[in-house]
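Peer 1: Please build the complex by placing chain B on the supplied structure of chain A, with the hints as guidance.
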Amino acid sequence: MEVALEDNSLMDKVLPPDEQEIDVELEAKEKKYLRGEGANLETLKDKKLKTQLASREKLYGKSAKAAAKIEKWLLPASAGYLETDGLEKTWRVKQTDIAKEVDILSSRNQYDIVLPDFGPYKLDFTASGRHMLAGGRKGHLALVDMMSMNLIKEIQVRETVRDVAFLHNDQFFAAAQKKYSYIYARDGTELHCLKERGPVARLRFLKNHFLLASVNKIGQLHYQDVTYGDMVASIRTGKGRTDVMEVNPYNGVVALGHSGGTVTMWKPTSQAPLVQMQCHPGPVSSLAFHPNGHLMATSGKERKLKIWDLRKFEEVLGDSSGDYSRYMSHSMVKGYQIEKVMFRPYEDVLGIGHSMGWSSVLIPGSGEPNFDSWVANPFETTKQRREKEVHLLLDKLPPETIMLDPSKIGAMRPSRRKERLTRGEIEAEKEVAVEAAKGVELKKKTKGRNKPSKRTKKKKELVENAKRTFPEQENSAAGKKRRIGEDAAAELPACLKRFARKN
Amino acid sequence: MRIKTISRSVDEFTRERSQDLQRVFHNFDPSLRPMEKAVEYQRALTAAKLEKIFARPFVGAMDGHRDGISCMAKNPNYLKGIFSASMDGDIRLWDIATRRTVCQFPGHLGAVRGLTVSTDGNVLVSCGTDCNVRLWSVPRPSLEDSDLSSEKSTEPSAVYTCKNALLAVDHQFEGDLFATAGAQLDIWNHNRSQPVQSFTSGSHSVISVRFNPGEPDILATSSGDNHISIYDIRMSSAARKILMRTKTNSIAWNPMEPMNFTAANEDGNCYSFDGRKNEEAKCVHKDHVSAVMDIDFSPTGREFVTGSYDRSVRIFPYNGGHSREIYHTKRMQRVFCVKYSSDATYVISGSDDTNLRLWKAKASEQLGVILPREQKKHEYNEAVKNRYKHLPEIKRIVRHRHLPKPIYKAKAESRAMNDAKRRKDDRRKAHSAPGTVVTESHRTRRIIKEVE
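Residue numbers (the UniProt record's numbering), protein chains in the order written: chain A, 1 to 503; chain B, 1 to 452.
Extracted from the complex, chain A is given alone in its bound form (with noise of 0.2 angstroms):
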């Protein structure tokens, strides 16, 4: 019995050459379910935590074994692709090429809507993709089951909708009008008026926080709960009137692209930006983020794209590297302005909204082919999106969660307490506080009295006032007749070590 189980465990560590392929593929798959590296477990000194720590990371290894087993062999659909053979590139495939090769379902999703009445339109999708909404400029709002290419509802609203947005699933949307911002029901009722927002250039949802966030034409930001419709924050971001504000999914940061060139990141519970970033020499047309938190793309006015990483805050060099370079082209017929473009998600389709109504194109490869019916289910049944929905409300993140890093959420802070700093570093503070305060410039005024030994009197204050902060030094200098030589603090027994002068 023994000895077959000993087998056993041989067979498993020798495996034929090609399993050993599949096992490295499997250990990369396993990487990604592992969500990043162990803690670890040396510097612990409490056994009994050490032994369940280290069970429970061996029971992470285990669980992110069997997902990366799953995703290899149980997974339903494959991703989609386009390879060219030889030195034809894959960006003067055509669409019509394409229609001819793939089957009628995916051809169906190739298609062009002329609406040349009502302007330019926006486009938004549902997270499950099933749902589309287009607002026409000129007041056209349409609601449209993808899956079926039925017109649900569509309204007219005789005003200039500048931006469409939907709510968590497709029952409400919101639609930024001339004045005001408006929420509407599936079947066209207006539900809302926002009035708090003022005239409203881009309007973006916040999944997991039920954040309603839009900008407006003085360049303010809004966010507004829309469980209980409380305006959770209204921020100036003091940098004039922008219309490019897209939402970053990683982390929920909202990011607004401004016409100095540079880009700010916003989150509610701040009124400064948590970051600005100097991007182009010109004005910033539009931004997109990665799903996965880490890449941004922005263009600028100049003809320009760029590449960002978020981590560092740095360009990627794409071009140089190769990583980055043109997939698909598709020409427009002439005379149409595009407006927006949007990935269809979990579809290889890209929904283009442009002056002369929408189209739609296949894009071999931009679409996650696997869904999670608990995440986002396009054949979701009524029941099915009502569940969903009060799951999600159970689920709503207060808008604190919002931040740049949000894998510090659930960590634990290593708990410091305060030591007392030791006279060389309380030197070194007051010396920068003083020199911060020299190099501090006056205004010379120009109007009035403007003696110079006012001015030097004023100066010298300020420094005074840098010195008064670190008021132990004139202290310690008062006892030091009292106290034992730092020299012999070190060779002190454990007792006295406490009448020794603290460094």
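Certain hints may be false.
Listed next, the in silico BS3-like pairs over lysine-lysine satisfying Cα-Cα at most 25 angstroms (straight line) [stated by the list, open to error]:
| # | chain 1 | residue 1 | chain 2 | residue 2 |
| --- | --- | --- | --- | --- |
| 1 | A | K45 | B | K282 |
| 2 | A | K207 | A | K340 |
| 3 | B | K37 | A | K408 |
| 4 | B | K282 | A | K50 |
| 5 | A | K388 | B | K37 |
| 6 | B | K286 | A | K45 |
| 7 | A | K396 | B | K376 |
| 8 | A | K32 | A | K62 |
| 9 | A | K239 | A | K301 |
| 10 | B | K421 | B | K411 |
| 11 | B | K377 | A | K62 |
| 12 | A | K100 | B | K4 |
| 13 | B | K376 | A | K388 |
If you are wondering where the hints come from, they were derived from the structure by calculation, not from laboratory data.
Peer 2: Structure of chain B alone, referenced to chain A:
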């Protein structure tokens, strides 16, 4: 040129007939779930709050005795029944489901000090301060008992007298011997009227006795001169003896790890020992502020319940230093005995106010039939709460318990006293020559010595 695009046909992804279940597809890729950690934290917070909302541990009280309850016994063969005895000699068999007396066993003249049931559930042994040991035959539970308007009473099947008052009794597992504790430790057989074996040690009386569930010949006793002794009845004297600083009121063996036992001590702590190695306690369980009167292990061996003189019942993990749960009521006075039910769901406490109280072992547990999806949800909530229970927001909610004012004040006082003591010891140590002042670990602090 090879092109492939995603094309999903509707029938592959939806159900065929309306009787089928809906199809569910999984993709565990973390990139599909942004902010999953924050969502999990939010769920842990909600789970912690829900647990507190549903925490209703008190099920009911069993009323009937006319004097304070001195001891209880579980029937190993019958889950619903529990025996209890009071200070005026009244022994009753209770049906826990209906919380009513099934049968009474009158006969004792003084306080009944010990109750135990044989392993096959047929014989109930009781002993008391009237120097008697009485054996009763336990009535078989039948369908007639369900309409309980009559409270039956039975005659003892045997009465044995001895010279001194008896303080405790326990029955051997899978055997027909039982041990009584009084002036000395006696081992009896059901059929003999005199003890088969006697152990005397010193001049102090033996307070409590408990047989080991794993080894039927080993038993642990505690005596009034602060000793804990382990006896093997095949030998003539104690196998091991531990001398503590204060007396032990009760001992319980861990049913899943029969070499370990936990002793409920007069100083408010419970000490878990390894029966083979007695120099230091395996774990010190500290949370009671007054003497711990009784202790009983859960059949899972993972928790034990203690009842204390400070009017509270606490549930401890078997290897943890602090209690997981505390139960108290304004009406419950000094708790003299506790039992953990054999299905690990309930805790029964008998106290000075003549009532037996039934509590849930897990305060927010949903009793009754639970559907499998509900069960899974409960398990998920438990797991996600345990994952984040060390973070401040959730820790505050999970740890929060309302303590009665006397216990709260006593704890604050003892904390202040311990802090002061520790500070003084640290300073004494710092001001003495290194190595002269040695701090004792808590596990050895209360043990004076071990005697072979």
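Peer 1: For every hint, state whether the structure bears it out.
Peer 2: A quick look at each hint next to the structure:
1. K45(A) x K282(B): holds (18 angstroms)
2. K207(A) x K340(A): holds (20 angstroms)
3. K37(B) x K408(A): holds (9 angstroms)
4. K282(B) x K50(A): holds (18 angstroms)
5. K388(A) x K37(B): Between K388(A) and K37(B) the Cα gap is close to 19 angstroms, so the pair holds against 25 angstroms.
6. K286(B) x K45(A): holds (22 angstroms)
7. K396(A) x K376(B): Given pair K396(A), K376(B) holds - Cα atoms ~22 angstroms apart, limit 25 angstroms.
8. K32(A) x K62(A): Between K32(A) and K62(A) the Cα gap is close to 13 angstroms, so the pair holds against 25 angstroms.
9. K239(A) x K301(A): holds (18 angstroms)
10. K421(B) x K411(B): Holds: K421(B) and K411(B) sit about 15 angstroms apart, inside 25 angstroms.
11. K377(B) x K62(A): At roughly 22 angstroms apart (the allowed maximum being 25 angstroms), K62(A) and K377(B) satisfy the hint.
12. K100(A) x K4(B): holds (11 angstroms)
13. K376(B) x K388(A): holds (18 angstroms)
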